[in-house]
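There are 4 protein chains.
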Amino acid sequence: MKKYSFKNDYSEGAHPDILTKLVAVNLEQNIGYGEDVYTNQAKEFIKTACSNQDAAVHFVSGGTQANLIVISALLKPYESVIAAETGHVAVHETGAIESTGHKINTVKTKNGKLNSDAILAVLAAHIDEHMVKPKLVYISNSTELGTIYSKQELEAIAKTCKANDLLLFMDGARLGAALAAKTNDLTLAIISKLTDVFYIGGTKNGALLGEAIVINYPALQENFRFSLKQRGALLAKGRLLGIQFLTLFTDDLFFELAKQANHTAELLANELAVLGYDFYYEAVSNQLFLVLPNELIAELAKSYDFHIWEVVDETHSVIRLVTSWATTTEQIDGFVERLRC
Amino acid sequence: MKKYSFKNDYSEGAHPDILTKLVAVNLEQNIGYGEDVYTNQAKEFIKTACSNQDAAVHFVSGGTQANLIVISALLKPYESVIAAETGHVAVHETGAIESTGHKINTVKTKNGKLNSDAILAVLAAHIDEHMVKPKLVYISNSTELGTIYSKQELEAIAKTCKANDLLLFMDGARLGAALAAKTNDLTLAIISKLTDVFYIGGTKNGALLGEAIVINYPALQENFRFSLKQRGALLAKGRLLGIQFLTLFTDDLFFELAKQANHTAELLANELAVLGYDFYYEAVSNQLFLVLPNELIAELAKSYDFHIWEVVDETHSVIRLVTSWATTTEQIDGFVERLRC
Amino acid sequence: MKKYSFKNDYSEGAHPDILTKLVAVNLEQNIGYGEDVYTNQAKEFIKTACSNQDAAVHFVSGGTQANLIVISALLKPYESVIAAETGHVAVHETGAIESTGHKINTVKTKNGKLNSDAILAVLAAHIDEHMVKPKLVYISNSTELGTIYSKQELEAIAKTCKANDLLLFMDGARLGAALAAKTNDLTLAIISKLTDVFYIGGTKNGALLGEAIVINYPALQENFRFSLKQRGALLAKGRLLGIQFLTLFTDDLFFELAKQANHTAELLANELAVLGYDFYYEAVSNQLFLVLPNELIAELAKSYDFHIWEVVDETHSVIRLVTSWATTTEQIDGFVERLRC
Amino acid sequence: MKKYSFKNDYSEGAHPDILTKLVAVNLEQNIGYGEDVYTNQAKEFIKTACSNQDAAVHFVSGGTQANLIVISALLKPYESVIAAETGHVAVHETGAIESTGHKINTVKTKNGKLNSDAILAVLAAHIDEHMVKPKLVYISNSTELGTIYSKQELEAIAKTCKANDLLLFMDGARLGAALAAKTNDLTLAIISKLTDVFYIGGTKNGALLGEAIVINYPALQENFRFSLKQRGALLAKGRLLGIQFLTLFTDDLFFELAKQANHTAELLANELAVLGYDFYYEAVSNQLFLVLPNELIAELAKSYDFHIWEVVDETHSVIRLVTSWATTTEQIDGFVERLRC
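Chains as they are written, first to last, in the working numbering: chain X, 1372 to 1712; chain Z, 1372 to 1712; chain G, 1372 to 1712; chain B, 1372 to 1712.
In case anyone wonders, no lab produced these hints; they're calculated from the structure. Please note: incorrect hints may appear among the correct ones.
Treat identical chains as interchangeable: a pair holds within one or across any two.
Stated by the list, open to error - Lysine-lysine pairs mimicking BS3-like chemistry, simulated, CA-CA at most 25 Å apart:
#1 K1392 <-> K1373
#2 K1630 <-> K1530
#3 K1373 <-> K1553
#4 K1522 <-> K1418
#5 K1378 <-> K1564
#6 K1374 <-> K1533
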C-alpha cells in the first residue's frame, strides 16, 4: 500500500479550478513570453491585492529561480546578502546565489527569523573593501521552520534596512501559509509597503508551478524582463503562469487554499498537543516540527512519508509534517490515531 | 476582430491529450523534484525512442534554460562555444551563455547551418592562451531559419568534433519539425549516437512547457541534477514536465504533432509557390520565410500577426510564417486567399 | 646569437628612473594596499595631467585586469559591450569579459577604429529583452592596429554615447604612443572630458607593470576599491604601482618615453617607405604593419623576432614591428640595412 | 614623528638582492608573459626545492588572485570550498571566490586550523543536489592567526581528502613563516606530496609582489595559463615575477628571510612572556596576538601602528603584531621597553 505523504506541500497537482481554467482557454491564441491577456490581468489582480498600483509584477517558475534572479538583478558584484543560517538561499539552493557571484552572510537564529540586531552585527563586521558589502536582507515568510513575522517585527527590520541603505527582500514561497496563520497581522499591502521586493508562492499553494515577484521600489523595476530572459525564466507560453495566478487571485482562492492548509495543520497540532507531544518550533502555519521517540518515528515511517529534520538527543528526533490545501481531515485523524496508541 | 497569428508555434496552450492526462492524475500524491513515477516513465520512453538505454534524460522548462545549463555544465571557465551567427544562443537569449562566463565564437552561414569548414576555421584562429579555447559546437535542428541537417551533414560535423576533441550539442527546440520534414533522414537514435547531448523541444510541439535534455556521453551525466537545481530549473512539481513528455511519447504523439505542423506549412508553401512567391530560405519545416512587397505586408498585417524578419531591398521584405500542430487548413486557405488577389 | 626583438613594447624591464626611485625608497615603511604616500601623490599628478580634480585614479597590474574590472563594475548582468572586432577585449583576453558575465557585440572595422555609425547599427539590432542591452562602448587608443583617434572622431563617438545613454571607455594600454603621434590632437584633459573612464598604460611605456585607471564620471567612482579587491587587483605593496606612476608623471617622463618609441618607429617607417615598402595600416604610432614577400620574412626571421600578423596573398604577408622607449636607432638602421639589399 | 609599524609584513619594499637583480638585467630583452629565461629558471629552482619535477609552477601577483584562479580552475559550478571561518578566502577577499561562482562552507575553529572532523562534518551535512557539493579543502599555513600545521595534522587532512575525493589546497601567503617556525616539521617536499596545489608567498616574505603556485596533481596542470590570462594575471613583463622568485630561491634567501622575521617575533614574544603578558593564539610564527589593557593599547598606538584584532573583555583587547625580514631588533627592544614601564 502506498504511504500517505506529509513530506511537503507540493505532492499533488494543482487546485482543480486552475486546471479547469487552463482547459477552458487552451486553444485561444495568445502572445508569448508573458505579454498575454491573462498574465496582464493576473498582474492587475495582484497589484490590487497589494494595494500598490506602482508595483511591477512578474511570474517565474519556482522559488530558487525567483531568488537568484531578484538578487542578481539588485546587487553589484561586490555586494552581499544577509540571511538566516536556515534561509533557503543559504542551504537549499545548491549555491544558486553564489553562482551569480554573490556571497551570503549568514546569521544564527533561534527560530529562522532575522532581526535588526543580527543585521546590524553583520554590518558592524564588514568595515572596508577587503570584505563584501552587505546590501540586501533576505527573509522568508513563513520561514523554513514554519514561523512567521509579525507586523512589528517586519517594520523593525524595514526601518533598519532604510537607515542602513539595505534592500529588503521577502521570499514568499510559503507566504500564503504565513498570511493565513491565526497570529498573523501582516497583509500583502503592508508587505508591499515595507519591502523593496517580495514574491508570492504559487507552487506550494495550489499552482502547478509559479511564483509572483512583486517589485515595489520603482528603480528596481527597470529592465527586469532582461533579467528574466537571461536566466532562462521567460516562458514562451507565459500564459501558463498568468492563468494560474489569475485563478488564484480570483475570489480569494489563494487565501482560501492557504487557510485550508493551515487548518489541517492546526487540527493536527491541537490533537498532538493534547496527547502531550512537543513541538520544536512554534506551530503556527502549515509546517509542524514534532519531537518524537525514534522508535515511534520508525513505526510511523511504515505508513507515512515525512522528513526527519534533526536529532534532539539519543532517543528523540524532530520530524517535519507539512499540510497543504489537498490534505484531508481524514488523513489527519488517521495519523493522530497512530500516535494515540 | 482578433488577428490570426502565424507569429510562432507557441500561441496556443497544450495538445488536449496532455491536459487530459494532467487532470486525470492531478490529486495523486507524487514525490517532488522530478523523481515521480511519471517523470521516470517518460525518461524510459525517451531513452527507448532514442534506442539509447545509456542516455540520461532530464526535463527543464524552456530552451534558454536548457542551453545555459547544458553549456555551463560542460565547459571549463576558459572554454567557448562555436555557433552560427544566427544561433539562438548567440542572439536571442540576452547573453544567457555569457552570463555563465563563456564566450560564443560566431560563424557566418548562408542558411543557419554550421559545417566542418566553419568549425575548423574557428579552431585555426584560436591558437594560444590569450584567446578562449573553443570546446563545444552548438547547432540547432531545425535551425532558426527553418532549415534542417541531413544525416550526412551531422555525421561530418560529429567526425570533426571527435577529431578535434570538441563536444557536440544540438538545440532541439524545434527538433520535431526537423524530424518530420520530408527531406529528413535523421532519427532520434542517430542523433543520440552522433551528439554528446541534445534536447527535444516540447514547448513548440504541443506541451505547455518543457524540453527533454538527452545526455548521451556518460561522463557528462554525473551530477547533472546539481546543475539543474543551481540554475533554478528543478521544479518542485516535476511531474508537470514528466506527465507531458510521457503523453508526447505515448503512441508517437510527439511525431504526429510535428507532422501536422509541417503539413500545414507545406500546404502554404506549395500554394504560395504556385502563386509565384519566393522563399528566402528553403521551406522544409514549419517556418516559412516569404519575400513580399512591403505594401502587401502592410495589408496582410491588418489581419495576421507575423514577424517581419529582414529587409530585402527598398520595396521588399521577408516575413516569417510559423505553423503548429494547432494550425488549421482553414487558416492556411484564408491566408493564401489574401495573396491570391 | 640572440635575435633582436621588434615583437612588442614590453621586452625590456623598466625605465632606469623607475628602478632608481624604487631603490631609493625601498626600506621606508608605507601603508599597504595603495594608500601610501607615493600612490596618493601619483594620483594627484595624474589628475593634474588630466586637468580633472574630480577624477578618481586607481592603479592595477595590467590591461586585461583593467578591462575586466572596469567593465564588470559598470554593467548590469544583461548589459553588453560594443567593441571593434579587433578590440583587445574581443579576441586577446581569453574571454575575460565574458567570464564576468557580459557579452561583447563586435563590429567589423577597416582600421581598428569604431565610429558612430557602427555603434548605432549595434543599437538598432538590439531591440528587446530577448537580446542583451548594449551599454558600454569600448575603444582602444592607439588601437590594436596602431591607428589613433582624432579629437573630432572621439567627440563624435562621445556625442553618440551621451545621446544613447551609453558609457564610453577607452583602453589606453598604448595611450602614450597615441598621444605622442604627430597627427594626434587629443590630450589627457580632452580624453578625461569625453570618456566616462579610461586608462593610461604603464607596462608598454616604461613601467615594470601598471595601468592607471581614470574614472571621470562621479557616479562610477563609488566603491571601486571593492571591485579591485574582489578581482585580485589590490596589491599589498601598492607602492610598487604608485612609485612607478609618480616617476612617469614627473617631468613628463611618460610623454618623453612615448615620443622616443614613436620616433624610432617613424625613422623605420620613413626608411621603408623610401625603399618602396607598403604599410597595411597607417603608420602613426609605435606599431608598424609592413607588407613583405614571404621569402624576405623568412630571411628576416633569422635575425629578428616579430609577429607575422596576417596573410595578404599567396606570396605576401603582414608583419608587425613594435618599437619602445628602449629601441635604439642602431637597431633601426640594422633592420633597414637588411631590407635594402 | 612617524610611527613604527607592526601592522603587517609588507610595509617595506623588497629585499635588496631582488632590486639588485632587477636592475642588473633590466635592459635585456626577454619574451613576454612569463616565458622568459628567468621565469623558467625560477620554476626549476622551485620544483627542485619541492623535490617534485612533475609539479607545474606559475607566478601571480598576489594572494587573492592566486586563490580565485586556483579555486575557479578546479571546481565545477556546483562545487564548493571547505574553509575555516577565519580563512582568508572566507572573510578578507571581498567575495572573490563567490564572484567566480562558488560557495564557501565555513567551519568554526579554535586556532584557525581545519581538521578531519570538521571536514567530515561538512560532508555529512551536504547530502543531495539541493545543496552544493563540497569538493576542495582550503587551508592556510601559517594560518590567519599565526598558527601552523604539523606534519601529522597535514597528513590526517590529506588522508581525509583522498578518502572523500576532495582536493587539498594550501594558501601559503605566509608559508615562509610557517616553515621557519621552531615547531615546524613540514617541508616544501612534504607539502608538495600531500596537497594537490599550494602556493609560496613572496609578497609577505621579501618580494615586491608575487606568489608561486605549485600544482602537484598532473590533471590540474592542463591549460592553467588560460586561467591565468582570463583572470588578468598573466603579466606582459612576467620576468618581474620570475626574477624575484629566482632570487628568493637562490642560496635559500626565501628561508633566510622567513627565519629573520620569525626571529624578531620570537624575541618579542619571549620578552613579553617574561613581563607576564598573555598571547591569545600560540606564538610560533611572525604574527603575535597579544592581550593588553585598552589603556595601554591607546598609549602604544601613539608610537606604533598595529591592528586591534578583537575585544577580549570590557577592559582588554587583542592586538596583532607582525614582524618581517626588515624588522630590526632595535625596534623590538624599543617596543618592549614601552611595555616594561
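Each hint, compared with the structure:
With identical chains, the CA atoms of K1392 and K1373 are at most 25 Å apart between copies only, with a shortest distance of 21 Å across copies and 30 Å within one. Taking the closest pair of Cα atoms, K1630 and K1530 never come within 25 Å of each other, the shortest separation being 30 Å inside a single copy and 53 Å across copies. When the C-alpha separation of K1373 and K1553 is checked against a cutoff of 25 Å, the pair qualifies neither within a copy, at 33 Å, nor between copies, at 47 Å. In this assembly of identical chains, the alpha carbons of K1522 and K1418 lie at most 25 Å apart only when taken from the same copy (20 Å versus 51 Å across copies).
Within a single copy, K1378 and K1564 get their C-alpha atoms no closer than 34 Å, and across copies no closer than 40 Å, so neither meets the 25 Å cut-off. When the C-alpha separation of K1374 and K1533 is checked against a cutoff of 25 Å, the pair qualifies neither within a copy, at 49 Å, nor between copies, at 40 Å.
Figure legend: structure checked against the earlier numbered hints; hints not met, in rising order: 2, 3, 5 and 6.
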